[in-house]
Each structure stands twice: as structure tokens, then as C-alpha cells.
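Visitor: As they're listed, the protein sequences go chains A and B. According to this note's numbering, the stretch in the first sequence is residues 1 to 318, in order. According to this note's numbering, the stretch in the second sequence is residues 1 to 245, in order.
Treat the hints with caution; some may be incorrect.
Stated by the list, open to error - If you anchor each label on the Cβ, the simulated ranges turn out as follows:
id: 1; chain 1: B; residue 1: Gly57; chain 2: A; residue 2: Ala302; range: 28 to 36 Å
id: 2; chain 1: B; residue 1: Glu181; chain 2: A; residue 2: Ala276; range: 58 to 66 Å
id: 3; chain 1: A; residue 1: Gly10; chain 2: B; residue 2: Phe19; range: 58 to 66 Å
id: 4; chain 1: A; residue 1: Leu171; chain 2: B; residue 2: Gly141; range: 50 to 58 Å
id: 5; chain 1: B; residue 1: Pro52; chain 2: A; residue 2: Leu291; range: 40 to 48 Å
id: 6; chain 1: A; residue 1: Ala178; chain 2: B; residue 2: Gly45; range: 56 to 64 Å
id: 7; chain 1: B; residue 1: Gly57; chain 2: A; residue 2: Leu291; range: 32 to 40 Å
Keep in mind that the hints were calculated from the coordinates and are not lab data. Ideal placement from N, C-alpha and C gives every residue a C-beta, glycine not left out.
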Amino acid sequence: VSTSLLASAGVSAIQLGAAVAGGPLLYGLMVKVRARAEGRVGAPVRQPLLDLWKLAGKERIHAWHSSVVLPLAPLVLIASTAAAVVIAPLISTGPALGRTSDVFVIVFLLLLGSVAVALGGLDAGTAFGGMGASRAMTIGALAEPALLVAVLALSIQAGTSNLPGIVSATLAHPGWVATPERVLALAALVIVVLAETGRIPVDNPSTHLELTMIHEAMILEYAGPELALVTLGEMMRLGLLLSLLANLFFPWGIAATASIPHLVLGLAVLAAKTAAIAGMIAVAEVSAAKLRLFRVPEILSAAFVLSVLAVVTELVLP
Amino acid sequence: VAALALTGGLTAAAFVKAFGIGFLGQPRTPGAAGAGEVHPAMTAGTALLAVPCLVLGVVPGAVVPLLARVAATALGGPRPDPLRAGAGLAIAGSADVIQPALLAVALLAGLVLAWGLVRLRARAGAERGHRARRAEAWDCGRELQTARMQYTATSFAEPLQRVFDDVLRPDRDLDVTHLAESRYFAQAITYRSRIDDAIERGAYRPLTILVRRWGEVARRAQNGSVHRYLGFGFAALVVLLVVLA
């Protein structure tokens, strides 16, 4: 028992390290791909890591009216995202606390992080902070049902709502990948992931135009180490969501045992898969425009309808 | 599941609103600016409610078996599966056990770890003071921010209200007063939005009207006259005797 416990703890530690380093790298990759597609050279892929390191060494500055929530919110975001990363099936189907790794647990851990950041946005008492928090919570509340119902379709198929369980079941039944319910759920999840990570068409991560910002408006009052933490948290979240998207639908390469070669392979395959998805998203972003804010609920309800269709298909088709 | 998820999301939004607008940001009134903490005895009341919430969330295993026994006794059905793990929540029909206590510990560990790492980096970076410097809020370079520029509860909920327009049917009222010189400059804008709750209108209000009518009837019956009360007593006696006979 103790060796398997040690192995799963090791898996989780590797996953955490991979998310801390990989999230910023994925973000940097997306910026790079976008720059290349627009005919620019672009910053190196590791630029976000350098930025984070620089920010972490800066002076801490808080706004006059802010309270203890302002410095606490990034820590809660990091901790909740890290907890989700530790228990999620990223490079292996046997992470620590794997039995706790239920869909609902992961989703609500992410929600905890969003709530913390929204409160941080309201803390300084500025107009933009409130605007960002209000919009982010609206989109989050609407994305939630689509996300859970889409994963429900997968969990009905696999007979468990445990994420490592779903991944293992998919590994055992490769034919599932092409079933209609999977395709519908994949489409719904892609939209939700775009919304949750604040990408085009829901939010534009590179915008600094006041009235279109959502996430950027919330973290406007953050500076120095706290800005580094909140940005790192968002990047880890990007990495986690892209990895889950990859592993739930294309699990091949994930380590089913805790042997070192398998884990190394799992890590490499995960990096390749998430890099491919990030590249595709970046290319799609270049060729698409951001939606008007009041049309975002439409695309989220489209995602919801797709996920409901996935569940219905799953229940009706033999 | 969809309803549960939407409820979860909307609850999160509602509590961000309740806590964020109520407690964070700039004070909106001079009274709020000068507010002080109340006597511990008064905070103890809310703490008494908060502690069970925390216990329910972190160690549901301490409470759920008791509830299960109550449910089995009250409904007379078979006893639900006893929970296997002491502090965890077992999912019916599978081997999965959710361990909220361990998750909470992991969260706290993550908090402390992240804080410590940032502290280390800050110390290595420069020997600046430990306390954060206070400065004017940035807010995209706007100067002179007053509490009136903050988001209010109405503005916070506005996007969600707009999404559920068809269900809530809010009553909106927008008044713009322009300057006399030019219509391009607004002098004052008043925005009012009121939601008429369908359940309140459809279920509660008829009920309260009914209760009030009944109360009025009862009041007319009681005018303070001793003769009338004696008459009521006699009538009640007669009815009782008739029923018994």
C-alpha cells in the first residue's frame, strides 16, 4: 500500500510541477503562434515564465481601500487550482487522492478560484474591478451547466463520474471516441474551455481596451508578486483545462502504471497534445473576432444544448 | 445535474455580490466609513452558524451517517449503505470516496506553500519592507475615484438579469437629463430596475390577501360586546351537545 501511495504522490508532484511550468509555456506558445500567424516574430515561448519571475520580485503595492482579500485571493486561486491539478488524471490514471477526483470536485475547485479572483476584483472599489467581476461571474455561472452536463454524458458512458475512471474506461474502449455523444460533448467542452480560460470569442487575453475586458479588468489593481500569482493561477488553469480536454477525449499515452518510463512518456505525450490544442486555439483566435458581451450567453447556451444533446444521445442510442 | 450546476454557478455569483458589494471596496456613506467592529458577543452569534457549515463541508462523514439513520427510521425504508470511509463521502454504487477533509488540508497546504515561495523570492529580490505600500487605485489611469463610481449590487447583477430577461421580466426605467447647451452631454442619468417575482405574485400575494380577509371577518365578529361573547359561548355549547348526541 505504501509504495502505491508513494507512487501516486510522485505522480501528483510531477503533475503539479508540469502545471506550474507548463501553463505559462502553453500561454507563451499561444502568444507565439498568434504572432507568427499575424506576420510578427513574437516573444519567445518562455517569456511568460520570465515575466512571472520578474513580477514576483517586485514591490507589493495595494490600493488604498483594499482589504486582506486583495492579497489573499491569488493564494486561494493558486491553491484551488493546484489541488485540482494534483488530483486530476493528467500524466497518469493514478494520481494521489484519485478516488476523490470526481467531476464535481474539480469543477467546484475551479469555481472556488474564480470566486476568489472576483472578490479580489471588487476589493479595491474601482469601476473596472466591479465590471470585470460581474461579467466573469455571469459567464462562469452560465458555463457551469454546459461543462457539467457535457462531462455527465461521458460519465454515463463510462459508468462513473470519477475522472481517472472515465479516462481508464476510454482507454479500454477506443471505439467510444467516434460515437456521436462524444463528438457533441467535445464540441460543448471546447466552447466551455474557451469561456473559462478567457479566450476569443468570449474574452480577449491580449486586450487592454477597457470596456471589452473581462478577466483583465478584474486583476487591474494587482501588481508585483500578487499579479504574478494570479497570472500563474490562470495559466495553470489553462493548462489543466486543456489537459483534461485532451485526456478525456484522446487519452492515449497517459500512464496506466506508475513506472518511470510510462510516466515520462505520459508527460511527453501530454505536452504534445496540449501544445497541439493550444496551437489550434491560437490559429482559430487569429481568424475570429471577439463576440459582443451580450451575445456570449448565446454561445454558452449553444454549448449547453450540445451537451444536453450528448446526454440524450447517450441515453437513447444503444 | 444541469439545474444543480446552474444553481451552483448562480449561488457563487450571488455570494460574490453579497460579500463583495457589502464588505469590499470604498465606503459608500460616512457612516460606513466610520464603522467599527461590534462586541465579540455579537460576532459569536454568526460564528455559531458558521461552525456547523464548516463541519458539514469538511467532515460530512461525521454528520451524514446520523442523517441516513434518521431518514431510514422516518421513511421506514431499508437503511442506506453505511459510509465506508470515516471522514469521506462514498458515492453510491461505486468505489469512489470523496475526501473533503484531505482536500481542505491540500488547499491550506497550497496556500501556505504559495505564500512562502513568493515571500522567498521577494526577500531574494531586494531588501524592501515587508509591508505592502499603499497607493491610489489604478483603474486604468482614472484619477479621483469616488464611491459612486463603484459597481453596486444592481450593476453587478445586471448582465445576469439581462440573460434571464424572459423569465424575470424586470421593470426598467432609464431617465437621461441632457445639458441645456448640447444633447451630447448628459447631466444626470437615473436607472431603476425592479423585478416582480412571479412566485411572490402568483403564490404568496393571494395567500396573504386570503389571510387578511379572514382576519377582517374575525375582527368584525369581535366588537367587544359581552353579550355577543356569551352568545358565541352558548352557540358553541349547543353545537358541541348536538355533535355529542
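Visitor: It remains to establish, for every hint, whether it holds in the given structure.
Guide: Do the hints match the structure? See the list:
Checked against the hint of 28 to 36 Å, the C-beta distance between Gly57 of chain B and Ala302 of chain A comes to roughly 34 Å, which is consistent with it. Distance hint check for Glu181 of chain B and Ala276 of chain A: the Cβ-Cβ separation is about 60 Å, which falls inside the suggested range of 58 to 66 Å. A C-beta distance of roughly 39 Å is found between Gly10 of chain A and Phe19 of chain B, which places it outside the suggested range of 58 to 66 Å. The supplied range of 50 to 58 Å is met by Leu171 of chain A and Gly141 of chain B, whose beta-carbon atoms lie about 53 Å from each other.
Evaluation of the 40 to 48 Å hint for Pro52 of chain B and Leu291 of chain A yields a pass: the beta carbon distance comes to about 43 Å. Between Ala178 of chain A and Gly45 of chain B the CB atoms are about 59 Å apart, so this pair conforms to the stated range of 56 to 64 Å. Separation of Gly57 of chain B from Leu291 of chain A is about 36 Å and conforms to the stated range, judged on CB atoms against 32 to 40 Å.
Hint check: a violation occurs at hint 3 only; the rest are consistent with the structure.
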